[in-house]
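What follows is each chain in one-letter form.
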Amino acid sequence: MTLRVLTVDDSRTILAMLHHTLSNAGFEVLQAEDGKQGLDVLMSHDVDVVITDINMPVMDGIEFIKNVRASGQYQSLPILILTTETSQDKRDQGKAAGGTGWIVKPFDPDKLISVINRVVH
Amino acid sequence: MSDLDDFKATYFDECSELMNELEEQFAAIEGGERDADRLNAVFRAIHSIKGGAGAFGFSGLVGFAHAYETLLDYVRDGRVEMTDDVVSLCIRANDIVADHINAAQTGEELDASYGMEEKQRFDAIARGQSGSDDDEWSGEIIEEFDIEFTPVRVDLALADEDEPAPLAAEAEVDAFDAPPMPIEPGHWEVRFTPFRQLYSRANDPLLLFRELASLGEINVRAVMADIPPLSDFEPFGVYCSWEITLFAPDLTEAAIREVFEFVDGDCSIEIVPLGHVVPPAARAAAPAAPKAAVSPKPADLLALTEDEMAAAPRPVAPAAEPVRPEPEPPASEPELSALSFADLADEIKATEPVRAPAPIAAPKPAPQTPKPAAAAGETGEEGGNRSVGVQSIRVDLDKVDRVVNMVSELVITQSMLTQQMDENLRARYTELVRGLEVLAQTTRGLQDSVMAIRAQPVKSVFSRMPRLVRELATKTGKKIKLETIGENTEIDKTVIEQLSDPLTHMIRNSADHGIENPEKRKANGKSEIGTIRLSAEQAGGNILIIVEDDGNGINREKVLQLARDKGLVAADVTPTDEQIDQLIFAPGFSTADAVSDISGRGVGMDVVLSNIKKIGGSVHVRSWTGKGSRMTLRLPLTLAVLDVMLVKVGESPYVVPLSSIVETMQCSGATFERVPSGGQVLQVRGEYVQVIDLAARFSMHSTKQPDERFVVLCESEGSQKVALVVDDIIGQQQVVIKSLEENFEQVEGIAGGTILGDGNVALIVDVQGLRVTHIQQKAA
Numbered sequence: 001m002t003l004r005v006l007t008v009d010d011s012r013t014i015l016a017m018l019h020h021t022l023s024n025a026g027f028e029v030l031q032a033e034d035g036k037q038g039l040d041v042l043m044s045h046d047v048d049v050v051i052t053d054i055n056m057p058v059m060d061g062i063e064f065i066k067n068v069r070a071s072g073q074y075q076s077l078p079i080l081i082l083t084t085e086t087s088q089d090k091r092d093q094g095k096a097a098g099g100t101g102w103i104v105k106p107f108d109p110d111k112l113i114s115v116i117n118r119v120v121h
Numbered sequence: 001m002s003d004l005d006d007f008k009a010t011y012f013d014e015c016s017e018l019m020n021e022l023e024e025q026f027a028a029i030e031g032g033e034r035d036a037d038r039l040n041a042v043f044r045a046i047h048s049i050k051g052g053a054g055a056f057g058f059s060g061l062v063g064f065a066h067a068y069e070t071l072l073d074y075v076r077d078g079r080v081e082m083t084d085d086v087v088s089l090c091i092r093a094n095d096i097v098a099d100h101i102n103a104a105q106t107g108e109e110l111d112a113s114y115g116m117e118e119k120q121r122f123d124a125i126a127r128g129q130s131g132s133d134d135d136e137w138s139g140e141i142i143e144e145f146d147i148e149f150t151p152v153r154v155d156l157a158l159a160d161e162d163e164p165a166p167l168a169a170e171a172e173v174d175a176f177d178a179p180p181m182p183i184e185p186g187h188w189e190v191r192f193t194p195f196r197q198l199y200s201r202a203n204d205p206l207l208l209f210r211e212l213a214s215l216g217e218i219n220v221r222a223v224m225a226d227i228p229p230l231s232d233f234e235p236f237g238v239y240c241s242w243e244i245t246l247f248a249p250d251l252t253e254a255a256i257r258e259v260f261e262f263v264d265g266d267c268s269i270e271i272v273p274l275g276h277v278v279p280p281a282a283r284a285a286a287p288a289a290p291k292a293a294v295s296p297k298p299a300d301l302l303a304l305t306e307d308e309m310a311a312a313p314r315p316v317a318p319a320a321e322p323v324r325p326e327p328e329p330p331a332s333e334p335e336l337s338a339l340s341f342a343d344l345a346d347e348i349k350a351t352e353p354v355r356a357p358a359p360i361a362a363p364k365p366a367p368q369t370p371k372p373a374a375a376a377g378e379t380g381e382e383g384g385n386r387s388v389g390v391q392s393i394r395v396d397l398d399k400v401d402r403v404v405n406m407v408s409e410l411v412i413t414q415s416m417l418t419q420q421m422d423e424n425l426r427a428r429y430t431e432l433v434r435g436l437e438v439l440a441q442t443t444r445g446l447q448d449s450v451m452a453i454r455a456q457p458v459k460s461v462f463s464r465m466p467r468l469v470r471e472l473a474t475k476t477g478k479k480i481k482l483e484t485i486g487e488n489t490e491i492d493k494t495v496i497e498q499l500s501d502p503l504t505h506m507i508r509n510s511a512d513h514g515i516e517n518p519e520k521r522k523a524n525g526k527s528e529i530g531t532i533r534l535s536a537e538q539a540g541g542n543i544l545i546i547v548e549d550d551g552n553g554i555n556r557e558k559v560l561q562l563a564r565d566k567g568l569v570a571a572d573v574t575p576t577d578e579q580i581d582q583l584i585f586a587p588g589f590s591t592a593d594a595v596s597d598i599s600g601r602g603v604g605m606d607v608v609l610s611n612i613k614k615i616g617g618s619v620h621v622r623s624w625t626g627k628g629s630r631m632t633l634r635l636p637l638t639l640a641v642l643d644v645m646l647v648k649v650g651e652s653p654y655v656v657p658l659s660s661i662v663e664t665m666q667c668s669g670a671t672f673e674r675v676p677s678g679g680q681v682l683q684v685r686g687e688y689v690q691v692i693d694l695a696a697r698f699s700m701h702s703t704k705q706p707d708e709r710f711v712v713l714c715e716s717e718g719s720q721k722v723a724l725v726v727d728d729i730i731g732q733q734q735v736v737i738k739s740l741e742e743n744f745e746q747v748e749g750i751a752g753g754t755i756l757g758d759g760n761v762a763l764i765v766d767v768q769g770l771r772v773t774h775i776q777q778k779a780a
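Chains as they are written, first to last, in UniProt numbering: chain A, 1 to 121; chain B, 1 to 780.
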């Protein structure tokens, strides 16, 4: 079964790189450019894991995660936060909002896949 | 490799968009708009630039952007005030970021010290603000995690039934202290007690075990001692913990901890090399083993009195406690052993209403956030102009251009078909003619729609100008304010890209040569602050971009003198004021008497003209001595298709842009007059218009008698008209512009070429260019 990943980031560069890495690893990739779009995608697609940036326009990653967790059906959906090495506080906020784990940017492709495998059934 | 290059291309693309965004935001921030949205947008832009730079290892950029980002973060959360000083520093920093991006793109090395000063200032400002704040802040984080702790004890006693269950930390006989096991190197004991938030964040112990199993051989035992009797069982309570024996030689504790990286703070983890004895003191100090509340074992529970039971702490966080109906106080609870099924059912019912739909605990923080956005979308708010979902798509420009090209070809084919319908056919096939008319209309609509895809607001160029003006003002010591109007006017993307340089030159020119210094302005009774107005508007099939200033106007004497010195105007020719003004665009002309740092670079305004011509536009300047000047760029709405009049000069077809044609007439009815300089003028309703015979101009042989020829009266930008004499007028049509420069070379007086419906090539007459070269030819 192909696992479906929703990637949420306002940076096209990051989205492109995630897409490349993930689709090469056999994942199906969905994209959204902010939290609001991410929620919209979740409403219409079954997703196995979410990777989201924190700093985004319209709806940031923290709000996005809170919204996802607030709706009953997504309580067990793994959500990975994209953070930089230095943004420990963001990572913590993301976790407090309900984030499952995190991926440190810039990410190594192998590491990215292993992190996903760590949170996906 | 090529993938990486692709990503880089995407990244640099994105960077240039972000830099534009920064310009725009800072223009507003400078104007005093320092609201959170803007500051956030600025932060995000720098953050994104940094993020990508990290991915490609542009370390200089990462380092600088990081310091900048940190400052912005402080500004954003109010720890640093966005004073004018900070704004200037940021604007300077934007430049440095841009330079770093440039360097990364071209692969050049920037000096290591570049931007160091600014970076240090960032650090200094940020340091000045952190200090005590930092402590306070990290305290919040700890609190945040503490607050959700569900104190569930790791109880190893279950393994040994004889071992009394410890009830309180102080009194307990710790299982870890109990019988030392034989030391087996490479064996680890991991005691893992999840808290409820671990589940609410979608982590799963099973996955952790799977991960541990990848490190070595594992043996997992569930610790179920804390599972309460059914009557106390709370659906979302977390009762189970695990102990794992891991056999993995050469494994460090850190490697094991890494498995639990994501759940740090959401569980209690103890990792002990097997057989290693942990002193009680050390254990007590270990923060990861909360012991405040200890849940009693079932056996103990049975032994407790009712009061004790009521007082016994529950194994779950109070907030998660199901709300029980008041009428059922603990005192009335029957003894567990006597619990009937009926009672049980009551219990479950009482608990049910608070049960969340999902099997896993609901997150404790009451979500005050708005309902998932899609819900709002589904209800179809009348205000929402579109339904939920992605409202725009990103399309590769190549793809759009392919469509544009195909539509252009379609336009040609359509006009070819129309051309071949002679009177005979028209009379015979009326249905076909009607069909062709519809086709023509649809084609035009299609063309407009396709062009609209390529259109972008001029804002992206305009937004760079405030900053330019500010810099110019500083450099020249003048006071200048910039007004922009109509920045949402949309133009073809390619035009926009070509617009930046000309606009920069024009504004520089205005600031340098137009606007006077404050003293002079005051002396002339003007406001000390000079104004440059930049506006964009659509006028018919064109976009007008106008740069106006209220400065001194063009110094015509000086311009004419210079033009004569440079041989651009012959000594015996007396150009009109307007012709003089227009001279500033002549190649090689630069009014800067002393080459200034700003506009006198020798490649002044002629660059403007050639750039604008390249995109099928024209430039016109008007000046009022002592009052100011106005430069108007007339640009085509679209690059690809032009409405033209097809004419014949000799045997060759030429096309004249329809937008510049005022009227046409037969030569027989026109009055030509010779002027002393050797040229001809045409009198049109009392106005004298310069005559250019295209046959003579392009060295063609006219096939007709002078009286049988035609005059095409054109008006180039501004009021100056010119009369083109041609041999025949064929008709109007649309043509697709093909660049001459790309396919041949630049030709004076010709703006480009086109392929006609019958396959012939026609040249597009550059009316403006003709006039300029005409003056110069006369001068030569």
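Source of the hints: derived by calculation from the structure; they are not laboratory data.
The C-beta atom is built at its ideal place from N, Cα and C for all residues, glycine as well.
Warning: the hint list may mix true and false statements.
As the list claims (entries may be wrong) - Heads up, incomplete: computed chain A residues facing chain B, CB under 10 Å, no partners named:
no., residue
1, THR2
2, LEU82
3, TRP102
Claimed, not checked - Quick look at which bits of chain B chain A covers, simulated, 3 or more residues with Cβ under 8 Å:
no., segment
4, 3-9
5, 201-208
6, 758-768
Claimed, not checked - A few chain B residues that don't get close to chain A, going by computed Cβ distances all over 10 Å:
no., residue
7, ASN20
8, ASP35
9, ALA55
10, ASP99
11, ASN102
12, ASP123
13, GLU234
14, ARG394
15, MET406
16, THR413
17, VAL433
18, GLN441
19, GLN447
20, LEU560
21, PRO653
22, GLU708
Do the hints match the structure? See the list:
1. Annotation: interface hint on A/THR2 violated; nearest CB of chain B at approximately 19 Å, more than 10 Å.
2. Restraint check, A/LEU82 versus chain B: the minimum CB separation of about 8 Å is within 10 Å; hint holds.
3. The beta carbon of A/TRP102 is positioned within 10 Å of a beta carbon in chain B (closest approach about 7 Å), and the interface hint is therefore held.
4. Figure legend: the segment 3-9 of chain B, annotated as covered by chain A; annotation consistent (3 residues with Cβ-Cβ distances under 8 Å, at least 3 required).
5. Chain A is given as covering the segment 201-208 of chain B, and this holds because 6 residues of the stretch bring a CB closer than 8 Å to a CB of that chain, at least three being needed.
6. Judged by the Cβ-Cβ criterion of 8 Å, the segment 758-768 of chain B is not covered by chain A as claimed, because only 0 of its residues qualify and three are needed.
7. With a least CB separation of 14 Å from chain A, B/ASN20 remains clear of the 10 Å interface cut-off, as annotated.
8. With 10 Å as the threshold on Cβ separation, the claim that B/ASP35 sits away from chain A holds: the shortest Cβ distance comes to roughly 14 Å.
9. The claim that B/ALA55 lies off the interface is violated: its Cβ sits roughly 4 Å from the closest Cβ of chain A, which falls inside the 10 Å cut-off.
10. Against the 10 Å criterion, B/ASP99 stays outside the reach of chain A, whose nearest CB is about 19 Å from its own CB.
11. Taking the minimum C-beta to C-beta distance to chain A, about 17 Å, the non-interface status of B/ASN102 holds against the 10 Å cut.
12. Listed as a non-interface residue, B/ASP123 keeps its Cβ farther than 10 Å from every Cβ of chain A; the least gap is roughly 14 Å.
13. With a least beta-carbon separation of about 17 Å from chain A, B/GLU234 lies farther than 10 Å from that chain, consistent with its non-interface assignment.
14. Some Cβ of chain A comes within 10 Å of the Cβ of B/ARG394; the nearest lies about 7 Å off, and the non-interface call is violated.
15. Annotated as non-interface, B/MET406 keeps its C-beta farther than 10 Å from every C-beta of chain A; the closest such distance is 27 Å.
16. For B/THR413, the condition that its CB be more than 10 Å from all CB atoms of chain A holds, with the nearest at approximately 37 Å.
17. Separation of B/VAL433 from chain A is adequate, the least Cβ-Cβ distance of about 49 Å exceeding the 10 Å criterion.
18. Residue-level check passed: B/GLN441 sits 37 Å from the nearest beta carbon of chain A, beyond 10 Å.
19. No Cβ of chain A comes within 10 Å of the Cβ of B/GLN447; the nearest lies about 29 Å off, and the non-interface call holds.
20. Residue-level check passed: B/LEU560 sits 53 Å from the nearest beta carbon of chain A, beyond 10 Å.
21. Every Cβ of chain A is farther than 10 Å from the Cβ of B/PRO653; the closest lies at roughly 46 Å, confirming the non-interface assignment.
22. Under the 10 Å C-beta cut-off, the non-interface status given to B/GLU708 relative to chain A holds; the minimum distance is some 62 Å.
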